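Q: Just so you know, the sequences run in chain order A, B, C and D. Numbering-wise, our numbering comes out as the position in the first sequence, counting from 1, plus 17. Numbering-wise, our numbering comes out as the position in the second sequence, counting from 1, plus 17. Numbering-wise, our numbering comes out as the position in the third sequence, counting from 1, plus 17. Numbering-wise, our numbering comes out as the position in the fourth sequence, counting from 1, plus 17.
Read the hints as simulated data drawn from the structure, not as lab findings. Here the structure is a predicted model, which is why all the values come from computation and not from measurement. Treat the hints with caution; some may be incorrect.
If several chains are the same, the list does not tell them apart, and a pair holds so long as it fits within one copy or across any two.
As the list claims (entries may be wrong) - 25 Å max Cα-Cα, derived SDA-like pairs, lysine to any residue:
id, residue 1, residue 2
1, Lys245, Phe203
2, Lys147, Glu230
3, Lys68, Asp204
4, Lys168, Met63
5, Lys94, Ser49
6, Lys94, Pro30
4 protein chains.
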Amino acid sequence: MEEIQEELNRRRPGQSKVSTPRDESDTVEIYSGIFEGKTTGTPIMMMVFNKSQMSRDYDAVKNLFRPGHADFTYFSKYGIRDHRGGGGRSSARETIGRVCAGAIAKKILARSGIEIKAYVTQVGPHKADKRDLSVIEENIIRTCDLDAAVKMEEYILEAKEAGDSVGAIVEVVVSGVPVGVGEPVFDRLNAKLAHAILSIPAVKGIEFGSGFEAALMRGSEHNDEVTKYGFLSNNAGGTLGGMASSQDIVFRFVVKPASSITVPKKKGWISTGMKRLS
Amino acid sequence: MEEIQEELNRRRPGQSKVSTPRDESDTVEIYSGIFEGKTTGTPIMMMVFNKSQMSRDYDAVKNLFRPGHADFTYFSKYGIRDHRGGGGRSSARETIGRVCAGAIAKKILARSGIEIKAYVTQVGPHKADKRDLSVIEENIIRTCDLDAAVKMEEYILEAKEAGDSVGAIVEVVVSGVPVGVGEPVFDRLNAKLAHAILSIPAVKGIEFGSGFEAALMRGSEHNDEVTKYGFLSNNAGGTLGGMASSQDIVFRFVVKPASSITVPKKKGWISTGMKRLS
Amino acid sequence: MEEIQEELNRRRPGQSKVSTPRDESDTVEIYSGIFEGKTTGTPIMMMVFNKSQMSRDYDAVKNLFRPGHADFTYFSKYGIRDHRGGGGRSSARETIGRVCAGAIAKKILARSGIEIKAYVTQVGPHKADKRDLSVIEENIIRTCDLDAAVKMEEYILEAKEAGDSVGAIVEVVVSGVPVGVGEPVFDRLNAKLAHAILSIPAVKGIEFGSGFEAALMRGSEHNDEVTKYGFLSNNAGGTLGGMASSQDIVFRFVVKPASSITVPKKKGWISTGMKRLS
Amino acid sequence: MEEIQEELNRRRPGQSKVSTPRDESDTVEIYSGIFEGKTTGTPIMMMVFNKSQMSRDYDAVKNLFRPGHADFTYFSKYGIRDHRGGGGRSSARETIGRVCAGAIAKKILARSGIEIKAYVTQVGPHKADKRDLSVIEENIIRTCDLDAAVKMEEYILEAKEAGDSVGAIVEVVVSGVPVGVGEPVFDRLNAKLAHAILSIPAVKGIEFGSGFEAALMRGSEHNDEVTKYGFLSNNAGGTLGGMASSQDIVFRFVVKPASSITVPKKKGWISTGMKRLS
C-alpha cells in the first residue's frame with residue numbers, strides 16, 4: 018500500500034507551484050485481494066475517495082459546455098449530465114486508477130527485469146537536450162535535463178499567471194522486455210501501447226523510435242544494423258514486425274495544454290473561458 | 018466483388034514506376050456470406066491467392082535475418098521459420114485482407130454518411146502545401162498537391178535508383194461521424210484508431226488534429242471555440258474526451274522507409290542488405 | 018436502490034427456518050453511475066459490506082480442506098489461502114453481486130417486455146406437480162405448487178435437524194424475448210445461458226425445454242409444429258438453431274446439496290465434516 | 018493432415034446404415050500455418066469443400082420453414098434466406114470445423130497427458146449398463162456396452178424405416194486435467210464446458226458428475242470424501258468451486274432427435290414434414 022501511495026503522491030496536483038492549484042489529497046485503501054501482505058489471486062479492489070472536490074466548485078459550469086472539455090460529447094452521448102467533476106470519467110482524476118494499478122504492474126514487471134522510465138522532454142518550445150535520467154526526480158518538471166528544467170518552469174509559471182496552460186512531450190523508455198512480446202497483425206506491441214497511451218486524457222499523438230522523423234530518412238539510414246555486438250541503432254524504437262526486438266522500447270507522446278483555463282481566447286470570448294451551447 | 022477488386026488494384030504493387038517492382042496480380046474470390054449479391058449475415062470469406070511470389074524468390078534470405086524486418090523477432094518467438102515471404106504475417110501482403118474488409122466497411126459507413134479520405138502529405142522532405150483532395154487519384158503519389166507530387170516522385174525515383182527507400186506521412190480525414198462515437202476511459206476513439214493504424218506494417222507514429230504541434234501551443238490557442246455556427250477550429254482533431262465531437266476526425270501517421278533495400282547502409286555493411294545472425 | 022435492496026432481501030440467508038442459519042444483513046450502497054435517481058452511463062458501482070461474518074467464524078477450518086468445497090482447488094491454484102469466508106470468491110455470498118446487477122438488468126429488460134420467472138420444481142424426491150406461478154412468493158420454498166411446498170419444507174427441516182443438506186431443481190421461464198436473440202455457432206442463446214447458469218455456485222446441470230427427456234422422444238414428437246396460431250408445443254425450450262424463436266425460453270437447473278454440513282458422511286468421517294489434507 | 022482426416026471420417030454421415038443417408042465425402046486441405054509438417058505459429062486455415070450437396074437438393078424447401086429447424090429464426094433475424102443447406106451455419110455440417118480444430122487440440126492436449134473419451138450411453142429407452150470404453154470403436158453406435166449396442170441399433174433402424182429420428186445421450190470423460198484449471202466466478206470450468214457443448218447443434222442439456230440426480234441426494238452423500246488415497250467418489254464430476262480437482266471431468270449431454278424427418282407428426286401434418294409460414 019505504501020508503494021501505491023508513493024506513486025499516487027507523485028501524481029497528485031497541488032504538490033508544487035507549477036501544477037494545478039487544486040489540492041487533492043488522495044489516499045488509497047485496499048478492499049480485497051490482499052491477505053497478510055500478499056496477493057491471493059482475487060481481484061484487488063482499491064479505493065481513493067475524492068475528499069477535496071466539493072460539488073459546489075463546479076456549480077458555475079452547470080449549464081456550460083467548456084471548450085476543449087468533454088462536456089459536449091458526454092452530454093450528446095448520454096443525454097444526461099452529472100456536472101460535478103466534469104462528467105467523472107472525463108476528468109483527469111480518472112488517472113488515479115491507472116496510477117494505482119500501474120504501481121502494482123510495476124512491481125510485477127520488475128520481477129522479470131522490466132523497467133519503465135518516463136520523463137518530460139519538451140514543454141512549449143523548451144526541449145531537453147540531454148537524457149540524464151538520474152535527475153528526473155530532482156526537478157519538479159520531471160525532465161531529464163536540469164538546464165531545460167529551469168526554462169520549462171519559467172514558461173509554465175508565466176502561462177499560469179496569464180490564466181493559461183501549456184503543452185508538453187513525454188518520452189518513455191522500457192527496458193528488459195523479452196524478444197517476441199507482441200502479436201502479429203492486429204495486436205502488434207506498438208498498436209497495443211498506442212491504444213493504452215492514447216487512452217490517457219489530453220494525449221494527442223505517439224511516435225516510436227525515430228517516429229515522425231522517419232519520413233525524412235531513407236531505408237539505408239532507418240534500418241537498424243545488427244552485428245555480433247547487437248543492434249547499432251534503435252530507429253525502430255524496440256520492435257520489429259510489431260514484436261519486441263530486445264532493444265529498449267522507446268516512444269514519445271504529446272500532451273495538449275490543459276483545457277481548464279481562465280484566460281479569454283480572443284476578443285469576444287467570454288471571460289470564464291466557456292460558452293453556453295445554443 | 019468489383020468494388021473490392023477496385024480497392025485491391027489501388028493497393029497492388031507494380032502498378033507504377035514509383036512502387037515496389039514486384040508485380041502482384043491480386044484477384045479476390047468470395048467463398049461465403051453472399052447470396053445473389055447480398056450479404057446474408059454469415060461471415061464473408063474472401064480469398065486472394067498469391068500467384069506471382071514463388072518461394073524461390075526468397076531462397077536467398079533463407080538463412081539471413083534482414084535488418085528492419087521481422088525475421089529475427091518471428092524466429093525468436095516461434096522457434097521455426099517459414100522463410101517464404103518473410104514469415105507470412107509480417108509481409109506487407111498481409112494488408113490485402115485489410116483492403117478487402119475495408120472495401121466492405123467503406124460501403125457500410127457510406128450508408129451512414131461517413132466518408133474516409135487518405136492522402137500522402139509528405140515524402141522525405143517534400144510536403145504538400147495544399148489540401149486539394151480532388152487531385153488525389155490524379156497523381157500516382159496520391160498526394161493532395163500536384164506541385165508537391167512532382168518533387169515527391171523525383172525523390173522516390175532517385176532513392177529507388179540508388180537501391181534505397183523513402184519514408185512518408187499520410188493524412189486521413191473522416192467526415193460524418195456522429196457525435197459520441199468512442200467510449201470513455203480505455204476505448205477512446207483516438208485510442209482505438211491509434212491501435213488500428215499502428216497495427217499496419219511500417220507505421221511508427223500517429224497524431225490527431227494539431228498533434229505534436231500541441232506541445233508548442235497554449236490552452237487558449239488549442240481549445241476549439243464553439244459558437245452558434247459550430248466549432249471555429251479543429252485542433253482537437255475531431256474528438257473531445259475521447260468521443261467524436263461532430264467535427265472531422267483528422268489524423269496523420271508516419272510510414273518508415275521500406276526495409277527491403279539493396280543499398281549498403283554504410284562502409285562495411287554487406288551488399289545484400291542482410292546479415293547472418295551469430 | 019430500494020428495488021435492488023428488495024432483491025437482496027429475497028436472497029438473504031437467515032430469513033426463515035429452512036435456510037442457512039447465518040444471519041446476513043446485506044445492505045446495498047451505490048457509489049457511482051447514478052445522479053439524481055437516473056443512470057448516467059457511468060459504470061454503476063454497488064457495495065455490500067459483509068457485516069455479520071466475523072473472521073473467527075472460520076478459524077476452525079483454517080487448516081482444513083472441507084469436502085465439496087473449493088478450499089482444495091483454490092489453494093492448489095493460487096498457493097495461498099485466505100481462510101476467512103472460504104476463499105471469498107467461492108463463497109455463496111459471491112452471488113450478492115449477481116443479485117444487485119440482476120435487479121438492474123430486470124428493470125431494463127422489463128422495458129422491452131421481457132420477464133423472468135424462476136421457481137423451485139423439486140426438492141429431494143418431492144416434485145411440483147402444478148405450475149402455479151402466482152403462489153411462488155407465498156411460500157418460503159418459492160415453489161409453484163403449495164401442496165408440494167409443505168412436503169419440501171418438511172424434507173428440508175428433517176435434513177437440517179440431521180445436520181445435513183438437500184438438493185433441488187429450479188425452473189426458469191423467460192417470456193417476451195424477441196425472435197433472433199442469440200448468435201449462430203459458438204454463441205447460441207442456449208450456450209450463453211448455460212455458461213451463465215453453470216457459473217452459479219453448486220449448479221451441476223442445465224436442460225432446455227424437454228431436456229434430457231428428448232433422449233426418449235422421436236423427431237416426430239419433439240419437433241414443435243407451427244400453425245397459423247403459432248407453435249403447438251415447446252419441446253425446444255424457446256430456441257431454434259440457437260436463437261430465440263418467440264416462444265418462452267424454458268430451462269431447468271439442478272443445485273447440488275450444500276457442502277457445508279455437520280453430519281459425518283459415514284463411519285470414520287470426522288465429525289466436523291472436514292478433513293486435513295496430507 | 019492424416020490425423021485430422023481420420024477424425025473427419027469418424028464424423029462423416031453415410032458411413033453406416035444407422036446414420037443419415039447423405040453421403041458426404043469430406044476431405045480436408047490445409048492452406049496456412051504448417052511448414053514442413055510443423056505448425057509455425059501462424060493461424061492454421063483448413064478447408065473442407067462441400068462436394069456432394071447440390072443446391073437442388075434443397076429446392077423443395079425453398080419456401081418452407083421446417084419444424085425443429087433454424088429456418089424460421091435465421092430468416093427472422095437476417096431478413097434474407099440462403100435456402101441451400103438450411104442456412105449454412107445452422108446445418109450440422111458446421112461441426113466439420115469443430116472436428117478439424119478438435120483433432121489438433123487433441124494432439125496438443127495429449128502432450129500434457131490430457132485425454133478425452135466420448136461415447137453414447139443412451140439411445141431412446143436403451144441405456145448402456147456397462148462402461149467398457151474398449152469397445153467404443155468396435156460398434157457403429159459408439160456406445161460402451163455391446164449388448165446395449167444391439168438394441169440401440171435396432172431402435173434406430175426401426176425409427177429410420179418409419180421416416181423418423183431418435184434422441185440420445187453422450188457421456189464424456191476427460192482425464193489428466195491439472196488441478197486448478199478453470200476460473201473463479203464467471204468462467205468456471207463447468208460454465209465454459211457447458212458453453213462449448215451447448216453450442217453444438219441439437220444439444221439440449223448438460224450435467225456434470227451426478228448431475229440431475231444430485232436433487233435426490235443429501236450433502237452427506239454428494240460430498241466426495243478425500244482420504245490419503247485421494248477422492249473416494251466423484252459426484253462433483255471433477256470440479257470443486259468451478260476448478261478442476263484432479264479427478265476425471267465427467268459430463269453427459271443430450272442430443273434431441275434430428276429435425277429432418279419424413280414422417281408426419283400427426284393427422285393433418287403435411288407429409289413433407291414442413292409447413293409454410295403465414
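Q: Does each hint fit the structure? Answer for all of them.
A: Verification of the hints:
In this homomeric assembly, Lys245 and Phe203 never come within 25 Å of each other (Cα to Cα): the closest approach is 31 Å inside a single copy and 41 Å across copies. Taking identical chains as interchangeable, the C-alpha atoms of Lys147 and Glu230 lie at most 25 Å apart whether they share a chain (19 Å) or sit on different chains (21 Å). Taking the closest pair of Cα atoms, Lys68 and Asp204 never come within 25 Å of each other, the shortest separation being 39 Å inside a single copy and 28 Å across copies. Neither within a single protomer nor between protomers do Lys168 and Met63 lie at most 25 Å apart by alpha-carbon distance, with minima of 38 Å and 48 Å respectively.
Taking identical chains as interchangeable, the C-alpha atoms of Lys94 and Ser49 lie at most 25 Å apart only when they sit on different chains, with a minimum of 18 Å there against 33 Å within one chain. Taking identical chains as interchangeable, the C-alpha atoms of Lys94 and Pro30 are never at most 25 Å apart, the minima being 29 Å within one chain and 41 Å between chains.
Hint compliance for this structure: hints 1, 3, 4, 6 are broken, all remaining hints hold.
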